[in-house]
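> Each chain, letter by letter, is given below.
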Amino acid sequence: MGKGICMPFLQAYDLEAREGMTVLDALHVIKDEHDGTLAFRMSCRSAICGSCAVNINGFPKLACKTQIVPEYKKTNAIVVEPLSNHRVIKDLIVDFNPFWDKINKIEPWLNREAAISGQPSAFSKKDILRINNSGKCILCGCCNAVCNALEADRDFIGPAALAKAWRFTGDVREVGKKKRLELLSKEHGIWDCVRCVHCTQYCPKDVAPLQAIERLRANAMKEDILDNHGAKHVESMVDSVKRTGRLDEAAMTFKTLGFLRSLGMIPFGIKLEMHGKMPFPLIFPAIEGMDEVKKIYEEAEKKKSGVRRQKSEDTG
Amino acid sequence: MSKTLKYAYYPGCASQAITKEANSTTRKIAEILGIELHDMPKANCCGAGLLTDYDYGLYIALNARIFAQAENMGMDIMTICSTCLMVMSTANRDLRNNPELFKKTNEILAAAGIRYNGTVKIKQLLWVLVEDYGLENLKKKVKTPLKNLYAAPFYGCHSLRPSDALGFEDPERPWSLEAVIASLGAEPVEYGGKTKCCGFQVDLVREDVAVEMTGKRLLDAKMQGGACMVTPCPFCHINLDNYQGMAEKKNNQKINMPVFHLSQLVGLALGMTAEELELSRHLVSAMDVLREANLIV
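Respectively, the protein sequence lines represent chains A and B.
Whatever position you read off the first sequence (first residue = 1), add 1487 for our numbering.
Whatever position you read off the second sequence (first residue = 1), add 2 for our numbering.
What follows is a list of derived Cβ distance ranges for each label pair:
#1 1666/A x 166/B: 27 to 37 Å
#2 294/B x 1714/A: 49 to 59 Å
#3 141/B x 1674/A: 41 to 51 Å
#4 1791/A x 117/B: 20 to 30 Å
#5 1791/A x 255/B: 42 to 52 Å
Coverage of chain B stretches by chain A, computed from C-beta distances (three or more under 8 Å per stretch; other residues unrestricted):
#6 39 to 45
#7 48 to 59
#8 170 to 179
#9 278 to 284
The following residues of chain B were derived to be distant from chain A, with all beta-carbon distances above 10 Å:
#10 74
#11 76
#12 135
#13 145
#14 147
#15 254
#16 295
The hints are simulated quantities; they were obtained by calculation from the structure and are not laboratory data.
All residues carry an ideal CB built from backbone N, CA and C; glycine is no exception.
All chains, please: the whole structure from these sequences, using the hints.
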């Protein structure tokens, strides 16, 4: 072990907690009265700056927004740890460089027509609502800290950068939309999200990164960026439900992977069949009332631009 | 119980094909427990999240079509798939919270002669056992207490999150699966990965990532003393069981962790045999573990 480096350990502190006291208040008490060396980041104390995100009892939260008493009542403990999925520098401070690298990768700025640059442009309420959620991000890193895909693959771009990507891709003034979506459709991009819903669950500002990812995916498909396993997987689902009303596993595998990679699945298929598990597409019966399903497909297609989402009243 | 429990039964697509043992064993335990499951032959696929990536309006309308059927049956929906639970609950939440969406969806449905009034609740078998049937009633039905069986609960993602749509238990401190395991006489095993992702959604897109996740959950449960795992979700089962061989190869070690569907673990305690539970359909055999716990001879 190198000089000055030791294994991580937990340190217990006893302090009196009063009603309304936050975890950040407690960290200050510890620093002032118990251990002046304790290192943590903080600034605004008002859930605006995003710098005090830490793991509290196993889940990422803003220390300034989390009250001690209700949290303690849940588990009879307050365990504060550095954000997971991040390298620890000291105590509760983690290395945010990989986080910023990912944000920078999506080019977090607006590309506008040269002709109108520098001029004010009309931006309707509807246009703002479309990207409003993503605009609320305070870059605290809570979503990346719980992202299950990022835990398994460090190169995944992650929910924070993808929420930011929607902020610009979904902006009606952006001229580089298609190029953005093409880049985001590559490996480690939008299709690598595992839909674990952790990002949306633990975002302290209701950014709902998963919703941003779903919008990026839907927009990429609308732009005909279909030459990847993720988009093919969705296409095969859309087709399967349209044909049979159901998810047809075998057909979906074949359509998603293509002929050659499907051949590679044959040994696995044989193993499944030995346990009676191989789902054969030919014996897949359609549900009753397929005429209704077809009508809904037609009608939804007609209304595509008219159906709005809940949170930001987005059209797509 | 004073009133017979009745549900519009939505097994989901996986449990009608690759994991059909989850469907058949659910039907069998429902019969033993006296819970009425009413089929929905017209029910379509919920979209498993993938339809959301294509067209949000279509996703909502197809889900509302499912809800309308249950509404006409005068029943709430019970599913045995966590992904169906999450996808349907999210659609139902959005319809409830957004009057404009509700109106537009019904306009789409009207073309197919359908109307949804927004009255249906979506539940999963786990919640039905805990909340509607009751753990005390379940305990009374146990014929073979699963003594000495160390069962690691695996919630996965979609039975817990997003909690504003599901609203059953705190995803940070879930308890329902442990409570059912304990009611059956088995020992619930505590381990870190029980509320994390099995990787299923990227099985076909990023198999390496999926196998990495599956391996982590299995090894985590094993490390903490789990002899078997139990999950309320067929998609989690696909990865934990069918992909276990790949996870073993990737981690270069034998894991050998049998995985039960929730309905199978309940069925075992209700006195069903290994044949009735269709355990032979699993890739990882549960026989040794059950023998060791003296649950079969």
